[in-house]
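2 protein chains.
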Amino acid sequence: MDKNNFSRPIDIKRVKVTDPFWQKVQETVRREVIPYQWEALNDRVEGAEPSFCMHNFRAAARLNERRARPGFAEPQYTFRGFQTLPEDKDNPDPDRFYGFVFQDSDFYKWVEAAAYSLQNHPDPELEANVDGAIDIICAAQHESGYLDTYYILNGMDGAFTNLKDHHELYCMGHLIESAVAYYQATGKDKLLNAAKRYADYIDQCFGPEEGKCKGYPGHEIAEMALFRLYELTHEEKYLNLGNFFLDQRGAEPNYFLLEEKRRAIDEGRHEPENDPSPYAYYQAHKLVREQEEAVGHAVRAGYLYSGMADAARLTWDESMLGACERLWEDIIKKKLYITGGIGGTAVGEAFSYPYDLPNDTAYSESCAAISLAFFARRMLEISPKAEYADVMELAMYNTVLSGMALDGRSFFYVNPLEVNPAACKTDKRLEHVKPVRQKWFGCACCPPNIARITTSAAAYAFTEREDAVFIHLYMGAQLTASNGMKLTLESSVPWEGEAAVTVHTDEPVSCTLAFRLPGWCKKPAVAGPGGMVPDERDGYAYFTGIWRDGDKVELSFPMDVRLSAADPRVREDMGRAAVTRGPICYCLEQADNGENLHLLRVDAGALDKAVVSETEICGHKMRALELEGFRTELPPEGAPLYSDYAPLKESPAKLTLVPYYAWANRGEGEMSVWVRV
Amino acid sequence: MDKNNFSRPIDIKRVKVTDPFWQKVQETVRREVIPYQWEALNDRVEGAEPSFCMHNFRAAARLNERRARPGFAEPQYTFRGFQTLPEDKDNPDPDRFYGFVFQDSDFYKWVEAAAYSLQNHPDPELEANVDGAIDIICAAQHESGYLDTYYILNGMDGAFTNLKDHHELYCMGHLIESAVAYYQATGKDKLLNAAKRYADYIDQCFGPEEGKCKGYPGHEIAEMALFRLYELTHEEKYLNLGNFFLDQRGAEPNYFLLEEKRRAIDEGRHEPENDPSPYAYYQAHKLVREQEEAVGHAVRAGYLYSGMADAARLTWDESMLGACERLWEDIIKKKLYITGGIGGTAVGEAFSYPYDLPNDTAYSESCAAISLAFFARRMLEISPKAEYADVMELAMYNTVLSGMALDGRSFFYVNPLEVNPAACKTDKRLEHVKPVRQKWFGCACCPPNIARITTSAAAYAFTEREDAVFIHLYMGAQLTASNGMKLTLESSVPWEGEAAVTVHTDEPVSCTLAFRLPGWCKKPAVAGPGGMVPDERDGYAYFTGIWRDGDKVELSFPMDVRLSAADPRVREDMGRAAVTRGPICYCLEQADNGENLHLLRVDAGALDKAVVSETEICGHKMRALELEGFRTELPPEGAPLYSDYAPLKESPAKLTLVPYYAWANRGEGEMSVWVRV
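Protein chains in written order, with my numbering: chain A, 1 to 677; chain B, 1 to 677.
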């Protein structure tokens, strides 16, 4: 580990995104998603499941007034699908908790997205809204600093008794993330102070010292949040608490097992066996430093690995970095969809076994792709290797974006690589797969998560250290480095591969500009100002020297239409190829190609005849592809099911492909990423 | 419908099976399965889940004695996975019911298999065992005739209150089947009288008359059983009761919906909606005559359709026959595995949507293939068409037999067409798929069902009417037709296609011998005695004339190694072929071909080089196939997961295939029926 290589994300306050692609996404989030989510958090969206998120905070702050009404009856409640719900959803008990145990986190994610958005685009009305909500949240906080409405409303005697399944530490993590972001965006510290008070309280309760709880989060995020809080405040206790959570995870005796035993005794059940393997779902089956394989719930895993990478950087911890590198390798060589998604199975929303990457039953949760981008950027911060940026880019341009409709008004939780709507409706094995995006979810983790990563996309595109600026993603922007040098980045990515960076400076500046050479480009060309020759390392071109106003680096990354094959160990993709161009993964849709997409076959020998053309879906301009291929002719209905094998009868066909992120924006229909060759 | 075409299964008392293939199966069932099952029914099998079947009958007959022992504590019981089980399995309460609600049926199926076996092979010890058990069963029967230990032991006030999910009428069906078989085998009528008393009681309780219950079985079989009882006794009430059950099924108001409503009211729940579609699982979503598609639980469906075919024949009912023909078509054109299995999905052990025939998650329950053979034979009884016999043969030689290990000591409930043991162990989507056969099941429907169909296989091979004998399956045998003419059938099927039938008669006999021309044979050759020219109709060769002693019909059905393709609507089989020879479906096994079977590809152009050779698995002689093909080379471990598409690197490989019914007899390993072409 070479500390000289470390870099940190650029402060997005110093970036103005001008990129037409990302600007459009950020505008959609600002105009549609953030206001819509605020309505959703307040249960004001017609036809959507109520969230009860703000209801809970108000209830905890005793701000809900019991409405006097004739014949008012004591409201009933019930526990359904892990949610507490009122019998009559229009008449919730003003003093009760409803929703999932982690409902608080939806608010924090929304604040975080709002904070990033405010940095990109000031909006006094939104800011006033957030401030008002923060007042409610702070009013709900206990004297002690404890802040989780589930236990505040259901009884504090239960607090910290079920770390495995309940989400007090997870909610603290999201609280910290939002509080830091909002402080950085606005300079206002009310939420930050609340977050610190909660973290301080957790620090009093958890730790290696005698008498303190030896538990750790059932759903990770607190680790990376605490490290972020430490980097803002430089208070060591937050660093130590984050490290404690990491090193305690999977340690013997297994804390989750102890919890289960305690619960079994209380409930008069048989004690569970001394077997930590069921806790692989929580990545708590062995010490994190000893983990070799990415397992369990994919979002939890991505958040954990992100925290581990932070710890490795902050404490120069080689063994932690070694674990991160092994887990990274395991994901990208055995468990990554070509769309940048992770999580092959709906069972536990989890990684499946190596090379099990089913297309139709894929889980590939939007949040999991986001967590992979988190992990990738943190690995990049330690070692600038194009491999990390390639995967980060893949996740961000494909599965992260496919999680949201182009108009920002509906969302996917699950991102399959192959969909047959008829099957989704009749086949319970596919009940997690929706052929069209949903307005909102009871468990609404994905929409606000998409909002917070897209609004902070610049922090993934650019990192810097004292003597260098790294351009990881070619996102058009004007940015000011910490050394004061201004840069203008113009780029036609993801549709074409031309980019240029122009330096603006009053005085000559000595530093390095490092440009990623994308893995998808076979023959990158880079040209610096006269006389400056780049040094190439790990897929980055380093230009080091004295920069003067007007200096320009020109980059050209020719984009071919590519056919990719999976390792033959991936059984589902045998004999099939995926079509990509630059960072964009393409797919076939019924809207362009008719039904029965599985009958189509691409002609690999005619790839040079591929046509790239501009198209528009829902007012979004993008490039579509047309490839030469064939369509299997169907025998007449009523033909025998089985007959003597003969080569398929095919007729020539044009295959039209659109970007994967843009699928399902033209009504319900079949979709397929992998095409027979 | 032409009554002159009707035929009935030959009385198996008049058949001696000499066929080496079927004799071996029947011997295995006689020597291994029947004694083993008797031990299992009495909870004496080490390491197997207890059945409690005989325990329940003894308890109902008050024959279980409470064992005096020091510190004897009141045994506990619990309800687990639809079973009632004692807390301590070695100490069941002598007066309680345990197991599934349909546990009684396991005994009846065992008696039925024992009855057929006694006809093939007298065995005084077995017969004495059965007689003793029948005494217990009869002692358990109520004065009224009611006989279902679940309600006798749990309280008669519950009887007939949950026809949908409980199995009183199903158990009656199996009781009748066993009682008729045992009477036909031994002439003993004690069990037959018990069955008639139960049926009479049901007839008093159910029927169109006012005040009688309008319900019908949740799990079908009573229908065909009642028709069988009618054909033995000629008592019309049994025919009428069977027809009532058929015509009442799905009639408005839907009886199962009424039951659900009653239960909802009793339990203070919301009443279910007026929607019969959930009862498609039970084929009770619409009138049976109006059903167009095979839906729901596959075994239930097969039993229902068999009963419908019986009804069509017994009452010359064209509309009932029309429904049978439509449902048959739907199965064989859209829902039949090439192994003769049915039931594409584990969800509800059911038919999936049209053309959804997944190989790895297949359900294809052994009992469902058996039910398909039942249905096929009943359709054959109405119209002798080779199409029915082809499917019956496919089911019997492949999926029915694959349900049982070659040594008769372990069983499959589920018969997948593709197995990767590593996936079965880690992937919950495959938790119903076992890579090795199990010793016994708590829900032990399949093993005794396999026993009863294999021991009565001759009744599927041969049917007859006054003036004709039909040979549907080429099963070596000596048989005596009802007109007294004796026939000797010699056959090398399923391994070679040569067969001959010799007539033995003292006097010349005028009649027809009809021989099926198997669909798997492209150029059948048949030659009768001098001057007799066959008439070909619906895939049967009819020889009609005067038969003299020594007359012989010689048949030759050359067997090619065939590659079959599925309709391209079957997505999972695109680009793949299945290998068959005669009635036998073949598969690749890891034992012969190493792991990663999906890397193998068969060379369709080199089929003429296929080698057929004799092999032996577990002492069973059979034919193996060796085909020319290719194996994809794997890139080294750690190679990138995705890379530029290039034609797969392959090296020539020999593919060894063994009969599907014989798979998983050489330890755990991969298996695949469909091979890439």
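Because the hints were derived from the structure by calculation, they are not lab data.
One thing to keep in mind: the hints can contain errors.
To be verified - Heads up, simulated BS3-like pairs for lysine-lysine below, C-alpha to C-alpha not over 27 Å straight-line:
hint : chain 1 : residue 1 : chain 2 : residue 2
1    : B       : Lys89     : A       : Lys428
2    : B       : Lys214    : A       : Lys333
3    : B       : Lys428    : B       : Lys439
Stated by the list, open to error - Far from chain B, by Cβ distances over 10 Å, these chain A residues were calculated:
hint : residue
4    : Arg44
5    : Ser564
6    : Arg571
7    : Thr615
8    : Ala646
All residues carry an ideal CB built from backbone N, CA and C; glycine is no exception.
Looking back at the hints listed earlier, which ones does the structure fail to meet?
Structure breaks hints 1, 2, 5, 6 and 8.
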